[in-house]
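Trainee: Single-letter residue listing:
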Amino acid sequence: MTMSIPDDEIVMSDAYVEMLLASRARSARALGKESIPDPTLRAAADLLDRGLVRFHPSFRFEELLAGRLRAAAWATPSSEGVVAFHPPLADGSAEPGHGAEGLRRAWILSGAIASGVSIAGAAFFAWRRARRLA
Amino acid sequence: MAQVYSFAVYELRDRHAAEDATEQVFLQALAALPRFQERGEGEQSTFRVWLFQICRRVLSNERRRQSRRAETTLELAEILPAATDAAETVADRDTLLHAMRAIDRLPDDRRRALLLRFVEEMSTAEIAAILGRSEGAVRVLIHRALRSVAAQLVSERPGRRPHSAA
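Quick mapping for you: the protein sequence lines, in order, are chains Y and G.
If you count the first sequence from 1, position 65 lands on 71 in the numbering used here, and the numbers rise without skipping.
If you count the second sequence from 1, position 72 lands on 77 in the numbering used here, and the numbers rise without skipping.
Some hints here could point you the wrong way.
[Said to hold, decoys possible] One-sided and incomplete, this derived list gives chain G residues near chain Y with beta-carbon spacing under 10 Å:
| id | residue |
| --- | --- |
| 1 | V14 |
| 2 | F31 |
| 3 | G137 |
These are calculated hints, taken from the structure and not from any lab test.
Beta carbons are placed, not taken as given, at the ideal position from N, Cα and C, and that holds for glycine.
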């Protein structure tokens with residue numbers, strides 16, 4: 007059985023969390039303490055805001071995963087995709103044996119990882135760019 | 006990648022299991038990439054939502070597998086101190102551990118909504134798309150989750166309210 011919660015209570019706690027998260031970006035705390043009347047709820051939100059940090063994977067794992075993704079991308083049929091190393095080769099081709107004309111869908115993986123760019127972001131950027139060029 | 010990995014650490018309580026899950030997520034995403042359809046540009050991109058939908062499925066399966074095998078995963082006590090060294094007091098860390106245990110006992114959707122909001126700093130719209138709920142439902146999930154955590158903290162520390170830095 008669940009008890010119904012007044013809408014304004016939900017709106018207020020949502021607004022308070024929004025303010026907490028926004029204050030992270032501003033590195034400042036100028037929040038309206040009165041925005042949540044329940045002090046225990048406010049304290050819990052404050053605690054989670056401070057304590058729920060983001061964990062980061064090790065570089066070793068990132069490199070390992072980049073290698074596995076690269077291998078997986080290579081294993082896809084050539085009509086579907088081509089892996090592009092970053093930066094591209096001097097002649098502009100993506101890989102030995104794969105000319106630029108084959109670059110319909112490319113995934114930039116290894117160099118992007120080393121520079122701290124997310125795999126997904128880099129892969130998606132490359133894919134969309136290749137799609138626009140196609 | 007850090008976002009997926011971090012979410013996996015909170016969900017699975019085990020860095021190695023989180024690495025395995027992260028790998029699964031990205032391999033599945035890579036395989037499914039040809040079917041992905043972008044519906045927004047720039048900050049409106051739906052890529053992160055799509056990736057976290059895959060992530061949610063992978064983690065659901067992994068948590069189910071963990072519960073079937075009754076695996077003992079690392080307590081967050083072993084993970085959290087290193088991550089919060091710079092900031093808080095021992096008392097605060099202790100309170101945070103109580104909060105983490107309370108979060109772990111939450112129903113799946115409440116727990117995920119709370120983590121996606123606080124750790125990944127996602128909007129309610131993004132969380133709604135990931136969980137397949139309405140935005141209003143996500144706000145309720147988060148509110149209920151906060152209430153549960155607050156109640157747990159109060160009950161575990163009689164006479165004390167959760168420590169607030171403010």
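Trainee: Now tell me, hint by hint, if it's right for this structure.
Mentor: Now for the hints, and whether the structure bears them out:
no., hint, in the structure
1, V14, "5 Å, holds"
2, F31, "6 Å, holds"
3, G137, "19 Å, violated"
When held up to the earlier numbered hints, the structure conflicts with hint 3 and nothing else.
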